[in-house]
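Using the sequences and the hints, build the whole thing.
Residue numbers (the working numbering), protein chains in the order written: chain A, 38 to 343; chain B, 19 to 761.
Because the hints were derived from the structure by calculation, they are not lab data. Don't be surprised by glycine CBs; every beta carbon is placed ideally from N, CA and C. Every clue listed holds true.
Cβ-to-Cβ under 8 angstroms is the rule here; a few derived chain A residues that face chain B: (1) 250; (2) 253; (3) 337.
Here is what each chain is made of, one letter per residue.
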Amino acid sequence: MSEKKAPVAPRSTDAESVGGAERTQLQMIVSRFARHRAAMVSLVALVVIVLFTFVGPFVWRWDHTVHLEIPPSVPPNADHPLGTTTAGHDVLGQLMRGTQQTLKVALTVSVLGTVVGSLWGATAGYYGGRVDALMMRVVDVFLIVPLLIMVAAIAGNARAGTTWYAVALIIAFFSWAQIARVVRGVVLSLREQDYVEAAKAAGASPGWIIVRHLLPNAAGPIIVAATLLIAVAILLEAGMSFLQFGIQPPDISLGQMISDARTAVSTRPWLFYPPGLMLLAICLTINFIGDGLRDALDPRQTMVRR
Amino acid sequence: MTTTDQKSNEGTTPRGTDDVVLEVRDLSVTFPSDDGPLPAVREVSYVLRRGEALGIVGESGSGKSVTSMAIMGLLPKNARVEGSARVLGQEVVGLRDEKISRIRGNRIAMIFQDPLTSLNPVYTVGYQIAEAVLAHHKVGKKAAMDRALDLLKLVGIPHPEQRIKQYPHELSGGMRQRVVIAIAMANEPDVIIADEPTTALDVTVQAQVLEALEAARKETGAALVLITHDLGVVAGHVDRVGVMYGGRMVEMGPVEDVFYRPRMPYALGLLGSLPRLDEDRGERLTPILGTPPSLLALPTGCAFSPRCPMARDVCHEKEPRLLATDENGERVRVPVEDTSAHTAACHFSDQLGETAPEDLFRATSVQADTVVKLDAAEERAEEALDEISDSDTGSTEESGRERETILTVKDLVKNFPIRSKGLLKRKVGEVQAVSGISLDLREKETLALVGESGCGKSTTARLILQLIKQTSGEVSYMGQPLHTLSPRQMRPLRRDLQLVFQDPFASLDPRMTVSDIIAEPMRIHGRSNSDAKGRVKELLDLVGLSSEHGSRYPHEFSGGQRQRIGIARALALNPKVLLLDEPVSALDVSIQAGVINLLEDLQEELGLSYMFVSHDLSVVKHIADRVAVMYLGKIVETGTTEELFRAPSHPYTQALISAIPLPDPVKERTRERIVVTGDVPSPADPPSGCRFRTRCPKFADELSESERTKCVEEPPELIDRGSGHRDACHYSKVMELLSASRS
Chain A
38 MSEKKAPVAP
48 RSTDAESVGG
58 AERTQLQMIV
68 SRFARHRAAM
78 VSLVALVVIV
88 LFTFVGPFVW
98 RWDHTVHLEI
108 PPSVPPNADH
118 PLGTTTAGHD
128 VLGQLMRGTQ
138 QTLKVALTVS
148 VLGTVVGSLW
158 GATAGYYGGR
168 VDALMMRVVD
178 VFLIVPLLIM
188 VAAIAGNARA
198 GTTWYAVALI
208 IAFFSWAQIA
218 RVVRGVVLSL
228 REQDYVEAAK
238 AAGASPGWII
248 VRHLLPNAAG
258 PIIVAATLLI
268 AVAILLEAGM
278 SFLQFGIQPP
288 DISLGQMISD
298 ARTAVSTRPW
308 LFYPPGLMLL
318 AICLTINFIG
328 DGLRDALDPR
338 QTMVRR
Chain B
19 MTTTDQKSNE
29 GTTPRGTDDV
39 VLEVRDLSVT
49 FPSDDGPLPA
59 VREVSYVLRR
69 GEALGIVGES
79 GSGKSVTSMA
89 IMGLLPKNAR
99 VEGSARVLGQ
109 EVVGLRDEKI
119 SRIRGNRIAM
129 IFQDPLTSLN
139 PVYTVGYQIA
149 EAVLAHHKVG
159 KKAAMDRALD
169 LLKLVGIPHP
179 EQRIKQYPHE
189 LSGGMRQRVV
199 IAIAMANEPD
209 VIIADEPTTA
219 LDVTVQAQVL
229 EALEAARKET
239 GAALVLITHD
249 LGVVAGHVDR
259 VGVMYGGRMV
269 EMGPVEDVFY
279 RPRMPYALGL
289 LGSLPRLDED
299 RGERLTPILG
309 TPPSLLALPT
319 GCAFSPRCPM
329 ARDVCHEKEP
339 RLLATDENGE
349 RVRVPVEDTS
359 AHTAACHFSD
369 QLGETAPEDL
379 FRATSVQADT
389 VVKLDAAEER
399 AEEALDEISD
409 SDTGSTEESG
419 RERETILTVK
429 DLVKNFPIRS
439 KGLLKRKVGE
449 VQAVSGISLD
459 LREKETLALV
469 GESGCGKSTT
479 ARLILQLIKQ
489 TSGEVSYMGQ
499 PLHTLSPRQM
509 RPLRRDLQLV
519 FQDPFASLDP
529 RMTVSDIIAE
539 PMRIHGRSNS
549 DAKGRVKELL
559 DLVGLSSEHG
569 SRYPHEFSGG
579 QRQRIGIARA
589 LALNPKVLLL
599 DEPVSALDVS
609 IQAGVINLLE
619 DLQEELGLSY
629 MFVSHDLSVV
639 KHIADRVAVM
649 YLGKIVETGT
659 TEELFRAPSH
669 PYTQALISAI
679 PLPDPVKERT
689 RERIVVTGDV
699 PSPADPPSGC
709 RFRTRCPKFA
719 DELSESERTK
729 CVEEPPELID
739 RGSGHRDACH
749 YSKVMELLSA
759 SRS
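Here is the structure:
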């Protein structure tokens with residue numbers, strides 16, 4: 038038996054069938070996701086939030102900065118639906134800009150942290166032995182360093198803490214270790230599975246096995262960790278802003294808004310509740326979407342009832 | 019408790035209802051599930067008389083275990099149990115838990131499959147037996163411990179005084195199962211339900227445990243319900259047998275009647291699909307087509323009708339009752355109490371009587387959901403084969419006498435280090451998994467590697483594939499040494515050497531579609547996507563699946579179909595050698611036959627060489643050309659299949675062959691047995707000299723003191739006893755164990 042006996046069918050039909058098969062697979066994932074009601078509602082909600090924060094600023098007449106025309110400390114009214122601050126910001130304008138910055142930071146951190154953490158953890162878990170010991174000691178170092186202090190120290194020295202991507206990079210640099218540890222644990226058991234050995238027997242390289250078999254099968258825990266990381270990133274960013282290291286005024290983030298309004302919860306509630314509820318909404322929707330995604334990516338889930 | 023007169027009439031089946039210890043009537047169990055009610059057991063009725071042994075056989079999902087769990091009151095709370103089950107006249111269905119506890123363990127006891135999980139690891143075995151005694155009797159602790167000691171003696175545990183103080187992990191699997199039997203016997207119950215008591219054990223240990231069970235039963239006069247999938251175990255150890263299918267009892271009768279004159283096509287099919295140790299290789303197995311029905315979507319009428327070659331219209335409409343056939347060939351009703359009757363649930367059971375499995379079932383390798391689909395699949399398979407053989411005509415001609423050796427293994431050794439716990443991980447010992455094995459595999463032949471668990475047979479397969487690195491020794495393929503190659507250099511050679519796994523559930527990546535799984539080896543070796551897609555279709559046809567199956571995921575398939583997917587993946591790169599690691603041992607009997615036939619067909623059509631690793635000698639006898647028997651990392655005997663089974667010369671081979679239960683009640687009860695004692699020693703500390711000497715019946719009984727010294731001091735070499743039949747025993751003697759079959 039040799040290469041000679043390649044398929045006789047003409048190329049074009051083959052190419053078609055390839056596309057067809059892959060489309061149906063994607064369709065299956067989409068339909069499984071669509072059946073997850075909470076995830077679908079959350080997805081719609083998140084899209085609305087994203088539109089609100091990215092398109093909103095072009096539509097709304099006030100931006101997030103101080104304007105002399107804005108009367109200070111006014112409760113919600115027709116001109117300012119969410120009221121104004123003592124300094125003369127429009128809260129709605131602030132909320133749009135703040136949510137936008139927070140989302141950018143949180144998603145960047147989550148993506149970077151998850152990619153780096155998963156690969157790191159999976160590599161350590163797959164090879165085991167000395168490689169594993171060395172790689173996981175590095176992870177331990179990142180885990181035991183008090184995160185906020187390190188972040189604050191670096192951000193303070195680098196003086197780069199005023200732009201969102203610098204903040205995101207710094208937070209990501211210190212938060213991938215948690216994911217690496219989770220993934221390594223999962224991979225330790227997955228690598229003993231027969232299908233991994235089958236791939237080895239077929240001649241697959243370690244990289245192929247990690248990317249094609251180990252990471253997809255670890256998708257559940259990875260997604261859970263990634264959604265948690267988003268919440269953590271939002272909180273960290275808020276903490277950094279509070280310590281004057283995060284996104285700096287005149288720019289604004291949700292964390293900053295909340296920390297500014299922390300003394301006004303009962304006296305001027307319109308300052309505190311909009312960013313607080315927005316933060317809650319983002320964390321909840323992302324968690325539900327994560328749930329739905331995890332179920333949709335698992336072909337064993339035939340039906341999702343909720 | 020038992021009296022002497024009960025013991026004396028043990029084995030016979032007297033009439034009347036007064037000696038009935040267990041009576042099950044119209045027992046049905048339904049589980050609520052997300053997809054609607056799941057009827058696991060449907061209207062099962064049987065009676066069990068004092069001292070009688072009843073076997074219940076069936077494939078996975080036939081409801082055989084659920085029935086006994088219902089009797090024991092061990093089902094989860096959400097299960098709906100209807101009908102009645104009486105233990106000594108006392109109704110147990112619907113009884114409250116505290117009431118049933120008084121019966122459970124006292125009047126009726128259960129032995130579970132896995133001795134590892136049915137014993138509590140934090141208590142000594144003596145304590146656990148004593149606990150069972152104390153649960154039902156007001157005796158002192160001392161008295162209970164004394165009873166525990168007696169029970170350990172009863173089930174044949176050597177040195178019971180020491181064992182009684184040991185914890186379960188200090189005992190081997192066979193010993194643990196004996197302890198479980200001792201616990202079941204603790205209160206001299208009237209009924210013992212044994213649910214697959216030996217499935218987790220090796221054959222030689224299985225024989226010991228079954229013997230212990232038999233002995234213990236004789237002592238207490240308990241009746242036995244033996245639930246198993248192994249027709250051989252049933253044949254030798256029970257008086258009557260019931261066959262379950264799709265939650266129903268479909269045939270029941272005295273064991274000889276059911277085995278020699280089955281009246282239900284399913285029972286007939288099961289017997290036909292079983293590879294047999296007492297038959298020649300030439301005959302093909304006759305598998306039952308299709309897969310067992312899903313209990314959620316049972317067919318109307320007879321549950322077996324979609325797979326039954328005899329099925330007619332009435333079978334698809336009306337469910338047959340369990341009836342006997344009288345002298346005039348009429349189907350008549352008999353009372354359940356009549357334990358001598360042979361009943362079957364088939365509309366046409368009167369037409370079956372002397373039918374052989376081959377008359378009814380076709381010997382084919384293809385298995386499909388329906389017979390209609392099957393024909394189409396067969397056609398496609400043939401087309402695919404034509405296509406393949408077109409390009410292959412050149413090689414078929416040179417199938418001359420001399421088969422070329424393509425794979426050679428020489429003095430292969432693998433020791434796994436045992437490391438200490440803690441930071442330093444010092445090496446504290448070695449597990450000698452494989453100790454100096456030499457093999458050669460010739461072109462287009464099947465070499466079987468057999469042995470019990472832990473003998474190193476799977477490790478050998480992985481060493482050959484260089485999936486693990488050997489400690490020393492050589493492996494060469496077509497004259498090229500593999501053991502010196504780097505992983506990168508090895509990659510192109512992997513095309514020719516492929517592996518098929520035992521567990522069809524773990525060996526397929528659950529997140530990949532079947533197409534992707536089969537195409538993966540081709541992608542790894544750089545075939546283009548469209549190229550691979552076409553080949554996947556061919557391969558699916560070749561293994562008897564349809565190409566629509568490609569876009570589905572593994573979990574949607576049954577065990578047999580998954581194993582076919584695994585075989586298709588292994589064939590993707592047109593290998594020359596397949597290493598089959600227990601490819602059929604995880605499958606149900608009726609499915610197993612289809613896969614075996616498929617493997618035989620593929621070998622013939624594609625000219626493959628097989629290295630068949632298995633513990634199942636019946637399958638090996640059916641499929642292999644040559645056999646190598648392994649024990650504790652060494653080959654103890656090797657020869658052609660015909661020679662090795664006809665005239666085994668090593669005591670271990672002899673013991674192994676005689677321990678395999680034959681699915682034939684008369685042969686099984688009358689054959690000569692060579693019983694091996696004890697368990698396989700730890701490979702971390704193998705015995706000196708001959709590794710088998712600690713269990714060897716010859717060493718224990720026949721040899722003189724001076725002869726024994728040689729066994730202890732000198733490891734025996736594999737020596738040729740003529741015509742390539744070699745064994746490693748200082749005092750080997752040929753022995754004929756299997757009377758030649760009539761065929």
